[in-house]
Amino acid sequence: MRTILVVCGTGVATASVVAGRIRGLLDGAGAVATVRQGKLMDLLGPDLRADLIVSTVPVPDELGIPVMSGAPFLTGDGAEQAGTALLAFLDRADD
Amino acid sequence: MTDRDASAPASRIIPAELCAARVPGRRVDVLRVLARRALDSGYTRPSFPRAVLARELDWPTGLATVVPSALPHTDTAHVLRAGLAVATTAEPVEFLTMGGRGEVVRVSLVLMPLVTDPEGQTAAITAVLDLLSDRERAAPLLEAADDEALSVAASAAFASHVPGIR
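Which chain is which? The protein sequence lines are V and Y, in order. Read in order, the letters of the first sequence are residues 1 to 95 in my numbering. Read in order, the letters of the second sequence are residues 1001 to 1166 in my numbering.
Incorrect hints may appear among the rest.
[As the list claims (entries may be wrong)] Which residues of chain V face chain Y? A partial, calculated answer using Cβ under 7 Å:
(1) A13
(2) S16
(3) V17
(4) T56
(5) T75
[As the list claims (entries may be wrong)] Distance ranges between label pairs, derived from CB positions:
(6) V:A29 - Y:E1091: 37 to 47 Å
(7) Y:E1119 - V:V32: 17 to 27 Å
(8) V:L63 - Y:P1046: 34 to 44 Å
[Stated by the list, open to error] Part of the chain Y face toward chain V, derived, beta carbon under 10 Å:
(9) D1058
(10) W1059
(11) T1061
(12) T1065
(13) V1066
(14) T1097
(15) G1100
(16) R1101
(17) V1115
(18) Q1121
(19) T1122
(20) A1123
(21) I1125
(22) T1126
(23) D1130
Treat the hints as calculated values from the structure; they're not laboratory data. Positions of the beta carbon are idealized from the N, C-alpha and C atoms, including for glycine.
Using the sequences and the accompanying hints, generate a full structural model.
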């Protein structure tokens, strides 16, 4: 099972919205992945495990995990394109 | 949301005490006025205004949505009651964009979620974001001349979408 980690600055508001929309996207597409949400500081912890990070804040490049912007899922602007890219990532990752 | 406090000071979804229409000044002025409303009406701890200002510096919340807006918020530790504080600005105000690298958006609408339960309030915050992509629904808020009119417009905008946004 692939894990998508949704991140915002404080883990308070925007990560919940983005995670909800990604769960809806996965359900609609019949795709399966674990969607977790958290704040940026979680990324710096020792037990970071994720196949993809979707973030509404800039994320350090050094993590070695692919990062997508959460903004399209948040604002709806470019959401379709971002959703397609996310599903394509999961397809590739499952190969 | 889950707050059913019988002593709630107003029955409207977004009471006038959480609204500030046509606020003059810059970003920091708008944030101060709105955070102060939330504090004075008993929604937050005294630590909230400083926390929400600091958070905006660390993690900007400007959104280049159809209706350009900002969504300033901070940790649940500073919030006592869930709600939404709403401001319009006298002139467009510059905010840095969320997740951006220094990009600026000029906003006339500032929506400040008072979050006590991130999971439980996801639907409410999603409804807030939906409004920002609907110029027609947002127009009455931007046209409101005073706090009372803004309260009526904001409550109407959210009523059919999030029953009991609090």
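Inset, instruction - Closer than 10 Å between Cβ atoms is the bar; does W1059 (chain Y) clear it against chain V? Give me holds or violated. - result: Holds: closest Cβ of chain V sits about 3 Å from W1059 (chain Y), inside 10 Å.
Inset, instruction - Report holds or violated for the interface hint on T1126 (chain Y), using the least CB-CB distance to chain V and a cut-off of 10 Å. - result: Constraint on T1126 (chain Y) satisfied, holds at 5 Å.
Legend entry - Hint check, V1066 (chain Y) versus chain V [nearest Cβ-Cβ separation less than 10 Å]: Holds, about 8 Å.
Inset, instruction - With a cut-off of 10 Å on the beta carbons, see whether T1061 (chain Y) makes it to chain V. - result: holds, 8 Å
Legend entry - Satisfaction of the V1115 (chain Y) interface hint, Cβ to chain V closer than 10 Å: Holds. Min distance 5 Å.
Legend entry - Evaluation of the interface hint that places T56 (chain V) against chain Y, nearest CB under 7 Å: holds, 5 Å
Legend entry - Interface hint compliance - S16 (chain V) to chain Y, C-beta minimum distance less than 7 Å: holds, 4 Å
Inset, instruction - With chain V as the partner, please determine if D1058 (chain Y) meets the hint condition of a C-beta pair closer than 10 Å. - result: Nearest chain V Cβ about 6 Å off; hint holds.
Inset, instruction - Answer holds if the nearest beta-carbon of chain V is closer than 10 Å to that of A1123 (chain Y); otherwise answer violated. - result: holds, 8 Å
Legend entry - Hinted contact G1100 (chain Y) with chain V - closest CB pair below 10 Å: OK, holds: G1100 (chain Y) within 10 Å of chain V, min 8 Å.
Inset, instruction - Hold the hint about Q1121 (chain Y) up to the distance rule: shortest CB distance to chain V must be less than 10 Å. - result: holds, 8 Å
Legend entry - Hint status (Cβ of I1125 (chain Y) to nearest Cβ of chain V, threshold 10 Å): holds, 5 Å
When the structure is compared with the earlier hints, no violation turns up for any of them.
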